[in-house]
Structures are given as C-alpha cells and as structure tokens.
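Q: Okay, here's what each chain looks like letter by letter:
2 protein chains.
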Amino acid sequence: MQLINRKNVLIVHAHPERTSVTHQLSDIASEVLKAQGHEVLHSDLYGMGWKAVFDDQDFPQRVNQDRLSFIEESGNAFSNGWQTPDVVEEQRKILAANAVILIFPLWWYSMPAIMKGWVDRVWAFGLAYGYRGAGNTYRYGEGGFAGKRALLGVSVGGSAQDYSPRGINGPLEQLLFPITHGTLFFPGMQVLPTFAVYGTAGLEAKGMAEATMAWRSRVERLFEDEPIAFRSQNGGDYPDRHVLADHVAPNQTGLTAHIADVS
Amino acid sequence: MQLINRKNVLIVHAHPERTSVTHQLSDIASEVLKAQGHEVLHSDLYGMGWKAVFDDQDFPQRVNQDRLSFIEESGNAFSNGWQTPDVVEEQRKILAANAVILIFPLWWYSMPAIMKGWVDRVWAFGLAYGYRGAGNTYRYGEGGFAGKRALLGVSVGGSAQDYSPRGINGPLEQLLFPITHGTLFFPGMQVLPTFAVYGTAGLEAKGMAEATMAWRSRVERLFEDEPIAFRSQNGGDYPDRHVLADHVAPNQTGLTAHIADVS
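Protein sequences appear in the order of chains A and B. Note that my numbering numbers the first sequence so that position 189 is 189, with each residue one more than the last. In short: position in the second sequence from 1, add 1000, done, that's my numbering.
Please keep in mind that the hints were generated in silico from the structure rather than gathered at the bench. All values reported here derive from a predicted model rather than from experimental measurement. All residues carry an ideal CB built from backbone N, CA and C; glycine is no exception. Mixed in with the good hints there might be a few duds.
Listed below are several chain B residues computed to face chain A (Cβ distance under 8 Å; list not exhaustive) [stated by the list, open to error]:
id	residue
1	Glu-1017
2	Val-1053
3	Asp-1056
4	Ile-1071
5	Trp-1108
6	Ile-1114
7	Asn-1169
8	Gly-1182
9	Tyr-1198
10	Ala-1229
11	Ser-1232
12	Asn-1234
13	Gly-1235
14	Leu-1255
15	Ala-1257
16	Asp-1261
Construct the complete structure from the given sequences, taking the supplied hints into account.
A: Take a look at the structure:
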C-alpha cells in the first residue's frame, strides 16, 4: 500500500448494461486503482438515473425570471449556492479527485447524451468556465479543474482501421478533440491520450482479454503517463489569448496546431 | 408560390428560452421557407420534453432480455415495428423531409444533450446505420437518409476569432465534423457549410440584425448552395471502404482529408 501517494480518482461511466465493455472497463479501472492504494469514486450515470437535460429546473432560484440565460443563471447558482444537489455532488467528487476517468461507448462519434448532459450541467460558470469571474482569463490549462488528470476510455463499435490516420471516420483523437481539448483541458485538466477498444460490436474473448491487459496497464500509469501536449492559453503560444502566434506551428491550421508535439 | 418546387423541411431546435438566438434562428428559417412555398415541420426538443437518454425503455419488446445490446435491440425494434412512438414520429418527419435544419447553442463544442439524445435514439440500426442489414455497405453518402440536405445553424457564445483557422478553440467546422460528417453525411445527407452566429453572449441589436440577414440568405439558398464536398465511401476514394486510396489527398491525414476540395 503506497499510502503516501494515495490519490482520489473519479470514474464516470455511461452504459446501462452490466456486462457491457463500458462496465468492464470501469470495473477493471476500479480494481487496478484500489490495488495501488487509491481511493475510487464512481458516477454510474445510468445507475444514478442522471438527469441529462440542462433546463430551467437546474435553477430553482432564478436571478432573471423573464428570460433564461444559462450562462447567467449557472454563474449565479454556482456562486450563491443555488445549484441542485445532484450537480453539487458531482462537482464535489471532481474537486476531490486527482484524476477523472470517463468511460463510454462512442455513439455518433461522441458521448452518449447522458454523459453530455453530465458535462452540460456540472461544468458551471465560475468553475469550469468564466473562472473567478474573469471571463476567458483562465482557460486551456488553467481554471477550476487545474492540477487534475483526465483520461477517456472509449468502447468503439467500428474497426481501428476506420479511425486510423487516413481512415474513413477520421482519427479517433481528432473526433474527440471537442471533449479532450474543449471540455477537459479547457477548465485546466491534463488529458492523457485516449484509450479505445475497437470492434466491440463483434469482440470475442481473445480481443477482450487483450484490451483488458492494455487498459490495466494504462490505468496503472494514470499518474505517470505524459498528457497530450495541448498548448496552454497563457503559456506564450497565444499572445492575445485567441490566436496562435505566427511563429508557433507556422502555416499550420486546424485542431492539431494546438498540440505542441504534432507537426 | 412555387408549388412545383415545394419541398418539406424539418427544423429541429434545442433551447428552452423563447427569446434565445436558437429560437430566433428557428423562427426566421420557418418564415423564409414558408414564404418560398415550402412545408415546414418542427421538432422543438425542449418544448416537446424530448427524452434524451437512450435506454432500455426504448425497447418495450426485447429480443434479448438478459443482455442489453443497443445495436441488436435497435435493429430489431426498427425492423419489427417495436420502436417507441416518439422515435417513430421523428423518423417519419425526417423521411418526409427534403432537408433537415438543426439549430442549437454550442455547448462544450457540441450539441446540447437533448439534441444528442435525439440523434442517439432516432438514428436507428437498419435506417441510419446498418442500412438494409448490409453492415457498412451503405454509409457516407448513401443510406437511409440519402437525397436529403442538412444544415446546422449554431449559436456560439465565443468570438469568431477563437474559431478561426488558427484560433484557440479550433475551427468550428472541424469541431463539428463528428456531427456534419459522422452523423449527417454518414446516413446519406448532403451537408451544407455550417452557419454560425458568434459572440451571442454579448450580442447587441446590430449584430443580431446582421446575423439575421445572413441567415435569411443561407436559408433561401438551402436547396441551391453547394454541400461540403465530403468524399463518399463508394465513390472510389476508399477502394476497401475503410481507408483513403494512396493517390487521394496524398500524404494528408486527419479530418480534412475527407473533404474533396480542401488541400
């Protein structure tokens, strides 16, 4: 037991079927982390009956009864203690965690709605964006979730080939950029390269055994692996906080220009 | 009235506030299309109380009671007439439509959960994927929604600069690739370039008036504008249906390699 390095890890997962690859990845992660002496928290979104839709019920005490602005009401609810208990509890878990692992089946190249609704509702103004009431001062590498690690574990129906650099679906890591960069790195998390199990629609015992070994190894190195080298907003690459400096990734455009070691 | 060119258009939108930019874009689109003599169908997801979460309640008659496989149950529910009435109704609207317009606020670089859940639940196996029970034979340009056009109208809180080719968020069209390419082109729709209103967090009357004019013009040309030149799976660029042929976009990788006119 490495009590001195004991960390808290939150595992958020989204599949209702107990035998799904998603549940298996969640169970394996939990087992590996506990064996390392870490504390594991769970958010089983289907099991919890998580409310996916972000709506006026999220704001029992509105500052503006006439017009619903999510940004305004989210900021006020967060700073005045008016958030709903389910949202408060998820924020408490994230804030207590040194790392967050999101495990989900890839549905239409993104998260299932229930997990998207977890982000929509829990990523409050003042915490995950508009941090410290300072607009976009702190984002992409700094913010309310700074100092935490994040890792996606994704169950993918299609083949690895379809997600390869020239595969027809597009590379998985680029399809997930709105999540890794835009959702997790934005409020300050350090995001590890995505772990994927491919071909889950027809996965047999051998394939699952190989995936299990690979996943165990990735979870074991959760606090050691190098994060994706996303460029931080305030590290010098974006002098105006909006656009890459001319000398950074010169002549490159698009998503990969925001990763330091991709050319 | 151009009755001879009368088309059906489905507008799907996702914001609960009647005065939101999303609702305004929806109202404008409806007005323009009706003035052109078209028939307009609406799916106001918040207004309808759309069930966002895809779960076992979507399958009142299961083929496998022991283990929930979404692909298997979706395919069986679709082909055997066991889908829930709300899903059947949305599919009916899409199938009746010559074009589908999705209007939403960009939340964490993607759709709100309620709209993601509309896709998750309505894009059935046998219709939007696994078309004709033929695996991946028909996808990316062919499939259950072939011959229809699609257009995204997106309300974006941040500035256009942040979404510019070297902007810190990444280019909007690349962030939306999982939706335009992976969700709409996949089952066969021809997808137009995305329309965005930026800076909606602080949009004043002048900005909204300009956005309104631009949007009117885009909706007027819904059936005339050139779609994004996504490469079709069966058009010759993917000889094995999985990976780009060597001579196509040689040496390019990533999302933009799948667009014919982007170099």
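Q: Hint by hint, note whether the structure agrees.
A: Quick rundown of the hints versus the structure:
1. Interface restraint check: B/Glu-1017 against chain A, minimum CB-CB distance 4 Å, threshold 8 Å, status holds.
2. The criterion of a C-beta within 8 Å of any C-beta in chain A is met by B/Val-1053, whose closest approach is roughly 5 Å, and the hint holds.
3. Annotation: B/Asp-1056 was flagged as interfacial toward chain A, and the flag holds, the nearest CB pair being 6 Å apart, inside 8 Å.
4. Nearest Cβ of chain A to the Cβ of B/Ile-1071: about 6 Å, under the 8 Å cut. The hint holds.
5. Of the supplied interface hints, the one on B/Trp-1108 holds, with its beta-carbon coming within about 5 Å of a beta-carbon of chain A, less than 8 Å.
6. Against a cut-off of 8 Å between C-beta atoms, the interface hint on B/Ile-1114 holds, since the closest Cβ of chain A lies about 5 Å away.
7. Annotation: B/Asn-1169 was flagged as interfacial toward chain A, and the flag holds, the nearest CB pair being 7 Å apart, inside 8 Å.
8. A hinted interface residue such as B/Gly-1182 counts as satisfied when its beta carbon comes closer than 8 Å to some beta carbon of chain A; here the least separation is about 4 Å, so the hint holds.
9. The beta carbon of B/Tyr-1198 comes no nearer than 12 Å to any beta carbon in chain A, farther than 8 Å, and the hint placing it at the interface is violated.
10. With a cut of 8 Å, the hint placing B/Ala-1229 at the interface with chain A is violated, because the nearest CB-to-CB distance is about 15 Å.
11. Here the hint on B/Ser-1232 is broken, as its CB sits about 10 Å from the closest CB of chain A, past 8 Å.
12. The beta carbon of B/Asn-1234 comes no nearer than 11 Å to any beta carbon in chain A, farther than 8 Å, and the hint placing it at the interface is violated.
13. For B/Gly-1235, the interface hint is violated, the least distance from its beta-carbon to any beta-carbon of chain A being 12 Å, above 8 Å.
14. A hinted interface residue such as B/Leu-1255 counts as satisfied when its beta carbon comes closer than 8 Å to some beta carbon of chain A; here the least separation is about 5 Å, so the hint holds.
15. About 6 Å separates the beta-carbon of B/Ala-1257 from the nearest beta-carbon of chain A, less than 8 Å, and the hint is met.
16. The interface hint given for B/Asp-1261 is broken, as the beta carbon of that residue sits about 15 Å from the closest beta carbon of chain A, more than 8 Å.
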